[in-house]
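Assembly of the complex is requested from the two constituent chains, each provided in isolation within its own frame, with the hints serving as guidance.
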Amino acid sequence: MKVLVPVKRVVDYNVKVRVKSDNTGVDIANVKMSMNPFDEIAVEEAVRLKEKGVAAEVIAVSCGVQQCQETLRTAMAIGADRAILVQTDEELQPLAVAKLLKALVDKEQPGLVILGKQAIDDDANQTGQMLAALADLPQATFASKVEVADGKAQVTREVDGGLETVSVTLPAVVTTDLRLNEPRYVTLPNIMKAKKKPLDTVTPADLGVDVAPRLKTLKVMEPPKRSAGQKVADVATLVDKLKNEAKVI
Amino acid sequence: MTALVIAEHDNASIKGATLNTVTAAAKCGGEVHVLVAGHNAGAAAAAAAKIAGVAKVIHADGEHLAHGLAENVAAQVLALASAYSHILFPATAAGKNVAPRVAAKLDVGQISDITRVDAADTFERPIYAGNAIAVVQSLDEKKVITVRTTGFDAAAAEGGSAAVETVGATPDSGKSAFVGNEIAKNDRPELTAAKIIVSGGRALGSAEKFKEVITPLADKLGAAIGASRAAVDAGYAPNDLQVGQTGKIVAPQLYVACGISGAIQHLAGMKDSKVIVAINKDPEAPIFSVADYGLEADLFTAIPELVKAL
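Going down the list, the sequences are from chains L and S.
Taking this note's numbering, the leading residue of the first sequence gets 1, the next gets one more, and so forth.
Taking this note's numbering, the leading residue of the second sequence gets 1, the next gets one more, and so forth.
No wet-lab data here; the hints were simulated from the structure.
Yeah, the Cβ is synthetic: ideal placement off N, Cα and C, and Gly gets one too.
No more than 30 Å apart at the CA atoms, straight line, and that leaves these computed lysine-lysine pairs for DSS-like:
(1) K241/L x K195/S
(2) K211/S x K241/L
(3) K247/L x K281/S
(4) K243/L x K195/S
(5) K247/L x K274/S
Among the chain L residues that face chain S by a calculated CB cut under 10 Å, a handful are:
(6) K16
(7) P37
(8) Q118
(9) D122
(10) N125
(11) M130
(12) L134
(13) D136
(14) D160
(15) T165
(16) V166
(17) D177
(18) M221
(19) A228
(20) Q230
(21) L242
Chain S extracted, bound-state conformation (with noise of 0.2 Å):
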């Protein structure tokens, strides 16, 4: 039983869901291997290499292979799956985007989002926007799975050392081509990786205030930046900042809820927080039932006032 690993990566550095996903993949039984698919993505390679409990890394470099466009990338991980019983990916937007893919050109279903690994055919998986727990027995042989990485710790980036082998990569499909990007620029920590999130609603009312409030009390605290729906849909805050049941999912350390009234598709993004807190005036908002601690206030008042205590 040997497990493969799709990296996520930016060509250069490995990111964090990587290192989640190979978590559970060790605990699927067997050697992890990793795939590194990119373009000039030696350096990824190397870091692969270095993740403690990754067996092997396999390197496929092709300019076609720059974007991770499914049809190729699935194209490269289907060149490699006889020889494996588990085929992992993250389950981020580019995982989600290539596993079925490849379930489905192995004719196998796809268990998407674990939480957890029963055993090395039995996986936990929530459903209903989180409001149950399934546990799923796969029938197929081979099992693709997209791991949820709230539910693994990180394995340790650095103290493997790997054997890098270099395979060829598979031809470019023609079917799709990556046209560009807009992504957005902060230096804040990553939002599924942060320690801590502060996490903006309706209740701030337009782009202006969403900065003026939530930032500050985000820098005082190292925190990233999330929003609810509600936020992103009135144009407050970017779509990538979207914590939810079709948004990211989170679980910080400490995850604080401004002006969100904790709608069910809000809560299945950040119910797994450690400690939540939730800002809000209205006393009858559901997010106070999931909180730890609820402040009942004003958040134009209640949040400057926060900022000034820490």
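Isolated chain L (complex conformation) (with noise of 0.2 Å):
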């Protein structure tokens, strides 16, 4: 079974991000970008499942600029097996990620696509549950444990109580939480041989795909600051103030 596995290119989850002073977007000019968190879970859940004998191959794929070829380089040094840059400058949305990601389905016939369940930068939480939805395949979002055994994937996910394990037939879609693995770190040996694996590169149009964003942002604003705090001596002041001053208690 092949699995497949998207990922996508973000500002590093330890940048703070400054909003433009046109507010037109936020300034991602000269800052460091890596795969997105939940993407380098799924790529190692992917990779974890080939060393298990349940996947045949692991085919990394992105979206997006021609620099998200680092992106796939670093998936292939994890362990993927080839990797498939869907290159375009236009701004991508959740739906059209889904639907460049439908084609590749149709033409790779995976067993599994394995996605993260958001990507820290515009934090929709869409794209697995949409390509789920286009490619009339099951869902299993917000995984903590991944099994795969006669056809069916049975799979934990975190939810708000608690847990809750469902059971999908394959093909299917998974997407990753926090807690489903420890992604490994890549060694140099691998970013090397990484260099050599296979990239291949197709465009939105390839795939006859329309890429038009459906959502068009008026404006991008800072937050409400918070105004400036008070540091507090001992107990007995904070609880002086908090029934006293902010009456919260």
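Laid out in structure tokens, this is it:
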């Protein structure tokens, strides 16, 4: 079985982004970019399935600008066998990405698609579910445990009150939560080997997909600032302030 | 223009997040209808009919709808979608699971986690872990939305008298099945609805210490317990207590952060709290930059002292 793993190039999670002064967006020029943390977990899970003999091939996919190649090389250094870049300079929203991935699912016929549950830039949490809908596949979102056997995947999901286990027929779409696994560090020899692995480039037009955005961003603003707080000397002062100044207890 | 709210419920009662979503739906203009899809969920449908501002409740009953599987709930929503201009879900694990599936089938973009309705087609939503607010306009005819519950007041749970209409359940997709669940039992207020939250971080050192130090303070304040990702990953607290960008988003009256440094991802989940108290022994901890009251102290002595003083 093939496993398809979509990965996204995003602003590194440690960077505190700034809103541009003209309110057109956030300033991402000269900011460190890396693979979306949930996607690292997705690649790791796919590679582990391969190491267990469940998956035969792991294909990493990324949609976006040419620099997404670096993200794909990282995925291959973790252990993906080959990569596909859907290259475009257009802004891509989740529905467009889901359509591009649907076209690749039709072509590659993977048994499992593993995505991150959300990207830390747009915080949308949509692409996996949308892909599942378009490809008419079952979905198991926010996975913290995945077991594949007998044409089914049994997936434990993180839900609001605790955990829930569902069983989905393959092929299926799984999205990863934080606690699914601990992604491995890539080693230098593997980075070197990843440079030799195949990376195909296609365009949205090749796949016959219209990627026009459906949401127009009118403005991006700074969130309201909290007024400066104060340090209190001891517990007694804290209790007094909470009771008499803030009146919250 | 009519808005459809997909109720979050446990087949017996309506969950609080639904009430906030009804408020957001009313702001989109037009009538608000509520869908209760479940199994033997008559009581939940009756409760939905009492929510102030709801004009109609649609009740769909089927065994395969019992556990809110995305494939089946999405099909149920799609069967009704043609009559609605707005379809809103609470931005909970359940809502986030189903909403994008509905949007994709309708071939429309989905708007996640809105915090404000500016116009019937224009919404505000946080991006980059809440470090920026985007104002977005939907170019699609139908709007499929998830609502950040802390962004809207709860609609009154009593006072309405909507008619309940029963519709036939759409068939089971057969592609997925519910196997079981492990729901953490506790008699504390629900984290996302609590007025006061006491939250612990990695500094607590172990699951035993977490319980021993945080619980008495939470008991004293009648508070819900939260945790940082570091505390959850280290096994000090269960996953569903995680507050942050990828956990729960909360906005209580009082948030007490104990031994939490205040990483961007954690702040994203709690910085809309009314009053934030930080107890941390590191004077440089970023949590102090958002705290209204900061106490620089060792939490193992400060918290028991605080419990005594209350």
